[in-house]
Each structure stands twice: as C-alpha cells, then as structure tokens.
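Mind docking chain D on chain Y? Use the hints.
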Amino acid sequence: MDTQSTLEKVLRGIAITAVILFFMFPIFWIFLMSFQTNETILRVPPSIVFEPTLTNYKALITGRLESTAGALEIEFMSNLFNSAYLSTMAVIVGLILGVPAAYAFGRLKFRGSEDIAFTLLSFRFAPPLLVLLPLTIYFQQIGLANTYFGLIWVYQLIVLPLILWIVRGYFEDIPADIEYAYRIAGHGFWATFRKIALPLAMPGIAAAGLLAFIFAWNNFIFALVLASADKQPVTVGALAFVTASGIQYGQIAAGIVLSILPTLALALYAQRYLVEGLSLGAVKG
Amino acid sequence: MSDLALEITAVDKFYGPIDTGVHAVKSFDMNVARGDIVALLGSSGCGKTSTLRMVAGFEEVSRGSIKIADREVNRLPPVQRNVAMAFEGYSLYPTVNVRDNIAFALKAKRLPQAQVDARVNEVAEMLEIADILDRIPAQVSGGQQQRASLARALIRDADLYLLDEPMGQLEPQLRTLLRGRIKHFIKERGLTAVLVTHDQTEANALADKIAVMEDGEMQQFASPAEIKERPANLFTGTFIGEPPMNVFQAKVGRADGRIGFHLAGDLALIYPAEVFSAELHKAILGKSEVALGVRPYAVRRVEGGAPAQVVTNQWLGDQSHIAARFAEGTLVLVEHDRARVGVGDQIGVELNPRDLHIFDPDTGDAISHGQELA
Chain Y
1 MDTQSTLEKV
11 LRGIAITAVI
21 LFFMFPIFWI
31 FLMSFQTNET
41 ILRVPPSIVF
51 EPTLTNYKAL
61 ITGRLESTAG
71 ALEIEFMSNL
81 FNSAYLSTMA
91 VIVGLILGVP
101 AAYAFGRLKF
111 RGSEDIAFTL
121 LSFRFAPPLL
131 VLLPLTIYFQ
141 QIGLANTYFG
151 LIWVYQLIVL
161 PLILWIVRGY
171 FEDIPADIEY
181 AYRIAGHGFW
191 ATFRKIALPL
201 AMPGIAAAGL
211 LAFIFAWNNF
221 IFALVLASAD
231 KQPVTVGALA
241 FVTASGIQYG
251 QIAAGIVLSI
261 LPTLALALYA
271 QRYLVEGLSL
281 GAVKG
Chain D
1 MSDLALEITA
11 VDKFYGPIDT
21 GVHAVKSFDM
31 NVARGDIVAL
41 LGSSGCGKTS
51 TLRMVAGFEE
61 VSRGSIKIAD
71 REVNRLPPVQ
81 RNVAMAFEGY
91 SLYPTVNVRD
101 NIAFALKAKR
111 LPQAQVDARV
121 NEVAEMLEIA
131 DILDRIPAQV
141 SGGQQQRASL
151 ARALIRDADL
161 YLLDEPMGQL
171 EPQLRTLLRG
181 RIKHFIKERG
191 LTAVLVTHDQ
201 TEANALADKI
211 AVMEDGEMQQ
221 FASPAEIKER
231 PANLFTGTFI
241 GEPPMNVFQA
251 KVGRADGRIG
261 FHLAGDLALI
271 YPAEVFSAEL
281 HKAILGKSEV
291 ALGVRPYAVR
301 RVEGGAPAQV
311 VTNQWLGDQS
321 HIAARFAEGT
331 LVLVEHDRAR
341 VGVGDQIGVE
351 LNPRDLHIFD
361 PDTGDAISHG
371 QELA
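Protein chains in written order, with UniProt numbering: chain Y, 1 to 285; chain D, 1 to 374.
It should be emphasised that the hints constitute simulated quantities derived from the structure, not laboratory data. Every residue gets a Cβ at the ideal spot worked out from N, C-alpha and C, and that includes glycine. Possibly wrong hints are sitting among the right ones.
[Said to hold, decoys possible] Here are the in silico distance ranges between beta carbons for each label pair:
hint: 1; chain 1: D; residue 1: S44; chain 2: Y; residue 2: F110; range: 17 to 27 Å
hint: 2; chain 1: Y; residue 1: A176; chain 2: D; residue 2: D70; range: 27 to 37 Å
hint: 3; chain 1: Y; residue 1: T88; chain 2: D; residue 2: D70; range: 48 to 58 Å
hint: 4; chain 1: D; residue 1: D70; chain 2: Y; residue 2: A191; range: 20 to 30 Å
hint: 5; chain 1: D; residue 1: E289; chain 2: Y; residue 2: A176; range: 47 to 57 Å
hint: 6; chain 1: Y; residue 1: W190; chain 2: D; residue 2: S141; range: 27 to 37 Å
Pulled out of the complex, with its shape left as it was, chain D reads as follows:
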C-alpha cells in the first residue's frame, strides 16, 4: 500500500464529445498523501468541481486515471469507491430528520444504535447543529443544512473525504470557528480530505497543500506558504493574496554594475547587480521585457523613494490600503498603522529586491522570487 490516498494522473474532462466538447479539465495531475488536506482553489468555472465529481464518480473521466487508495476507480460506480462527500447545496433527504440524515450511512452498515448516537452527537456538537437534530431539512436554514451535509460526510469511515464548498453559506464568525474544529477533527483521525473552495482564506486555513486551478489547468500545487512566497506563475501570483500582487511591465537594462528595471513613465528601479544571483542575471538579461510583481505588504514608503501619487487611502480598522499612481499604473500598498497621507499627496516608495517576483511576460511563468531563480 502506497502512502497516497488519491492519485489523479493525466485526467481530461470533456463535456460533450471527447476532443471537440467543452474541455473542462486539462491533463490534470495531483497526488494526495494519506492524512493530508488538499484544497482545490480557483474561480467558478475553473474545473475544480468537475475534478471533485470525477473523483466521487458522478462525472465520467474522459481520459486519464484516478486511483483512490491504490485502486483504479475510473469505471467504478460511486458506491464502490468508499468516499464520503459533503455538498454545497441542498442535498439532505427531505423526508427524514437531520439526525437520520447524518446517521444514514452508519445505519446502512448496521452499527449498534448506541455507537451511532454517540458519533452523531459528537459530530453534531462539533458543527453546532446538536439543537436541530430532530427537525426535518425544510425547517432548518441553508447554513444548517450545509453543516448537516458536512456532518453526514465526516461521520463516515471512508478512504477519502470530498468537501464541495462546505462552508459557503455560513456566517463569517461561524466559519472561522468551524474551520479550526474541522481541521482538528480531520487531523486527529488521520483522515484524507479534498476540499473545493473559491475562498483563499479557507484554503490557507484548512489545507496542507493548495492546488490552484484556472481554466481547467493546474497552475500550482504546493503548501500555502510556498504558493504565497514562490508563485509559479503570474496567475497564481495575482490570484492568491489580498489585496492582489502589483504587476508592472519593465524593460531590463544593465550598466556600470547595476541592473535597472525601466517602467512606463520614465521610471526606473535601479539595483546594484550583486543583489541578484548570477543565474538570475543570465535569465533576465536574456529578456527584453519582464513582468515585475510585488505584494502590497512589501512596498515601503520612504523619503526619496520612487515617486508615486496617492489616489485613495482607506483605513480598514486594522490596516491602511493606499492606492497610488505609479509608473502610469496603480500601485497598492498596505501599512499596518494608520497612514497619514491624503489624496493627491506625493509619496516615495521603495521596492526591496528580495520582495520582487519576476515573471516571463509571454508565458507568465515565474523567473525569480526575490534574489534567486524560481
């Protein structure tokens, strides 16, 4: 038995005929280790739910292979895959109460009643639905239905737990509380889970690894920290992080032992050449133009920095978001203290070379993060 709970290899999904239909998932590879929580993160229509449904067995795999616990499941019906799934929407059996909905799979396995009750109560208390167990689904709110669906999945003994937007309809406070509890529940039992979400906070908080998807393709599959610090391409760089990464087109020049990034509006960012590694020099000097990314948190305001003009300054209660006109574009910077600048003020900004992400403007692939090659 390998230590992989899920192996997705070169999977394609077409809706309609293969090769001519809608190409929803494109040569997708992903291995999930036993005991890991993996988040499929992407905007709607990116193929993440299609991927999850192929794993569950509700959608046919057009090409490629899916293995759950070392068993190829492409042709197996959902019942034989031994997976549990929590649904985003209304999925409770309408005619039985919440308790029976949650206990359903356990009852089918003929577990002793006392054991079923104990497990239902445990999971219901964890998800704060112990008080609605005797109601039928039509009598409870959407958020409660969603938690009941989650409970119904988590209570089972499965090889893999599939969670489709499991907290989409919950209030923010409850979401924060339950994220911690659910993660603890899964980790404590050593379960393996694949979570579909479009909420990066949820992905960051719950997942050991995040698979960023766009347009049916995997963009990056790495830990939350890795994705934030070393985005594989321009898409991941700008998709992850709030507010999003600032990106500027720059021409690269080198003179007198210095490297310069020439931005629009006659603005140049000049750095001593030795701050970048030799390999990095070679990589960027081969390009006439690069895309330069910097996260809003990494931009500093300094006297005598590159000139920028404040367009807006919003205080969000715990941080300031300043948008400034910079190099004929907009630069967003975040400060943790209340910034005392007004609209129209001239400020100087500094972009530290170790915070720069350099991307190939044609392919979007990352060339470097900070001072080293990607």
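Next comes chain Y alone, as it looks inside the complex:
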C-alpha cells in the first residue's frame, strides 16, 4: 500500500470519516439526549449546547420519576436484570446443547444429519410472529407463560441455530487426523472431544456465544408477548416510557445507553479471545 498517493489517502480518510459519522451519529445523539430534559430535547431548532442533567439516569436507577404529571414508578433496573439473566441463561443452555450437537453434525456423518441441521437452521427463516400465537397458547396451557424457564426455552429458537451453525464450521475446519492421532495414542472419544476438539474450536465457540448473547439481548417480540412486567427485559420495558402524559425521550435515551453497556463490555472483553484464537495459527493449511 506504500504506492498510495496523497490524494488517495485524503479521499480514503474522508470516506472513512463519512461512514463513521453516518453510523455513529444516532448513538452520539442518543448519548447527548440522555443528559437532557424533554424540553431541551424537543426545542426547535435542536442544539448541541445545553445544560447537562443527570435526572434521567437518577430516575432510572432509583426507579421513581418525578414529573409535572406526578410520580411514576419505573421497573428499569429489574428489566435490566431480566435482560442479563435471560440472555446469559439462554446462551449457557444454547452452548451446552449446541456445541456437542455441532460436533456431531460436523464430525459424525449419520443418516439424516444434514436434514436435521437444516431443519434447525430453518427456525430462523420463519418470522417469529408465525409461531408466537400457538406458542402463547401452549405456554399458557402448560404453565410456562411468564416464567424465566419458558422464556429461556423460547430463546433457544434464536440462539441454538446460530451456535450450531457457527461452531459446526469450526469443528469441520479441524483436521480429523489431529483427533484420530489423539485417539490412537490411547484416548477415548469423550477425552478427544474435550481435549482436542473443544480447545481448537474455542474462538468459534466464543464468537457464537457472543453473537447469540447479542441476539438474545436484542429480542423484543417473544418477550413482549410471553412475559409480563416482572419478567420483561429492557427492550420491552422501554415501552413504559411512552406514557399517557407524553413520551419520555430523555429516559428512553438514558435507558438505551444503560442497556448498550453490558453488551458493549462483553464484546470488548470477548474480542481479546476472538483475536487471540484467530491469530494462534492453530492449523497451517
């Protein structure tokens, strides 16, 4: 790239800046909104000069919003906990079920394995609305509606195909001879899976887990229908800010900022392992 002319460098810099501005601006704007009152947010014309206030955050964290229309109870912090709990549990269950399944699909060719794997992927083709109504009725009949257990189960529709198909590719990329060599050197099938296949596929498992977590965290429609106030995650809880006395833009913005933080932290943390795993140069091709 050292043959690049100055003009090219400048144009490239401008292009990159434009793209970053385009994608980051909404987040930046929301970040600013979270420190403003509804009045300053809604003034015309908008301005980035304002007196910052922490009332939005205070209201979310204490759970009480004092406004001209009176005091309003906010479930935000318990919603945040629900999101974290539901997403974490869904990913843990998804990994426990999905990783061995991915290994089976990737390594052991059995009759119908492709069909089963494809069926699991096909869960992602249908819009959630398609299954929501029958699911709601079933769940009410068997008493799973509005339970963490039921929600985590339904979240498997989101996380399981994702984990299965990403991790399967990683297992397939491990040369089978490495596992054969380990087995012929005196180890059983289970030991080979634990000591060879799992560590070598770890970057893939980490990537799949992270993606699955983000997908589960961002889920809206399942939780909206299947969970009531005490079980609902932030995505649904944010609806509470659309009140009879107006839309609380400040609180919505602060809620968004707060609910982005856990996934952002997780992504930054997992990134280390992703890069590490990829640069390990596990297998020279």
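Using the frame of chain Y, we list chain D on its own:
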C-alpha cells in the same frame, strides 16, 4: 499366539448403507506376518486408505473380520487396539511443541523422563527433525510436520504400525535417505508395519510384500520381485513398473511345430513351439486371442527383428526411452546406453519368449510368464 500380526478376512467396506452404498473395499483378505512390512499400493480412491482406517478403527467394518495380534478388533475403539499410526497430513496437536507431540503417548504411559528424552532424540535424529523439537507445529514446514507425525508413531510400543503416505510431502533426496533409515529402524526392532502409498518406488524399497489394490479389490499380494516378474493380472502388470509394460492384442496360431502371435498390422511373432511348455501350449491354443505383455527393459533392438518406427527417443541421463510405432500401437523400449536413433528411423525389435507375459484378454488374469504357466 500365531505368527500373524494382522489378519484381514473377507472385509467389505460400504460408505452409506451396506450393499447399496459406495463399495470402497471388496471382500479383502490379507495376512501380515509378525516382523513384516507390507505396502498397500494403488492409485487414489482404490480403497487402500479405507482399509488402513478400518484397521486403525476410524472406519467401521461393514462385513468381515480384522484381527490384530490374534484379537478380533472389529468392535474395539482405536484406543484398545494398540496400534500406532502416522498420518499423511496435518495431525500434530497445534498447541504443543514438536517434542511434546512426539513424546505424547510415552508421557501418557508415565515413562521416566530420561527414557522419554532418549527415545525422542533417537527417533528425531533418525528423521532429521532434531533441530525443530522446540517449535510449535505452525512454525515448521509440511514435510517436517509429516516427519514429526511419523516419529510420534514409531516411538510407541504397539502391535502394529500404520503409516499413511508417510513420506508424501518430502523432497526426493530426503525420501531416499529416510526410506533406508525407516526400514532399518523397523527391521531392527522386529516391528510390523502396514504402509499405504501410491509410490511404487517407496513400496519396492520398504516393503517385504506389496498388496496391489484397484477399485477396492486386492489384485495381487506378493513380494516386490514376484509382482514384477509374475504379475497376477493385466492390471498389476501394467500398474507396476516404470515405464509401464507394453501390451498388444494377439491371435494365436500354430503350424509346422511353430507358434505364432499375430498382431495388428499383419505383424507376426513366430517362435519354435518347444520354447513353451506343453501346459502352456494347451492354455493358449484354447484361446482365440490373448493379451501379450512385455516390459520395456526386455525389448531388444536387433538387425532383422520385427519392424518398428521410432516416434520419440528421450535420453534421461542414465537411460534411453524409445517409443516406436509397432503393430499399429506404441512399443516403448528402454536401453541403458544412449541410443543413436532418430525420429522416423526404422528399427528391428526382438521379443524374447522368456520375457513374454500372456494374459487372458477377457478376465485379465495371467496365463503365463516367460515359458511357463502362471
């Protein structure tokens, strides 16, 4: 305890359902004596690697029986078969260095460290990888990885050593050197090894017996010399040997105490009948047509021989390969001196009856080698 290290009896391998799936290995029989090196030789897709993997336990045996050291192993997992295996491709554990890769099985057996080190160093020096023992697999070349995989197999105490194309990625010079060393190593310790290869030089150099495979079937199982001198069928005859055996279709005739092979283009090879044994007469006169094989080394140029016209003449540095138009086909002959013939020259060739291999053209089976029945 019998003196067989490996007995493969009537083994079939199907990929997919039995009888309707892909039939990769067909009623395969092979006994390997303790202390022998056997090569499975064939082109790719001939079933040799499938056979090896069934012995190792990575592929299920669809039908038949495999015994290692008098123990039927069909249903045993690889860990219980006490075999060692060297792999063709990338099979080293990527996270540990070459030394630990090689020592892996010994460490699992809890041998004293000094003994492990001594054995690793010995086998590493033999395979010329002593200088890379402390590197991780990603830092060494494909050929070095392959030798490390070979070392990892040879260092073990196993009933049987399975070597899957163990030298495929090595440079020719190194290959020649290591062939000798590996053979010595195996023989000195009285180990039994089964080697899969598509390189006949490697099979000839290393093996006591060669199993020639094609299309899932064993074609011949014999010593390298036997295979070269007495190929069991047309496939083995043309597959083994470089350049390959010349083969011509011939009609057989007999008159005035002479036997004639009538080739295409009105060319006849006439021999006195008494050069062939009586049984051989009977066998070939019963056929209207035979396939006549002769190795390029056995063809002589003589004044007044059967006419042929030179198509190419290549000097390979130590031998001449001459291809000539003969009986509407191509005849290849090899001479050890530089042949002074040019393209288009007419030459005379002589096929000595003791160098002829006669095959049944329908079944491909050998009828005779030289002057005697097969």
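Here is how each hint holds up against the structure:
1. Judged by the Cβ atoms, the range 17 to 27 Å given for S44/D and F110/Y holds: they are separated by roughly 26 Å.
2. Look at A176/Y against D70/D: about 29 Å separates their beta carbons, and that is inside 27 to 37 Å.
3. Range check, T88/Y to D70/D: Cβ separation about 55 Å, and the 48 to 58 Å hint holds.
4. One distance hint, 20 to 30 Å for the beta-carbon pair D70/D and A191/Y, holds here, with the actual separation near 27 Å.
5. Distance hint check: the CB atoms of E289/D and A176/Y are about 48 Å apart, consistent with the given range 47 to 57 Å.
6. Between W190/Y and S141/D the beta carbons are some 33 Å apart, a value that agrees with the proposed interval 27 to 37 Å.
The structure shown violates none of the earlier numbered hints.
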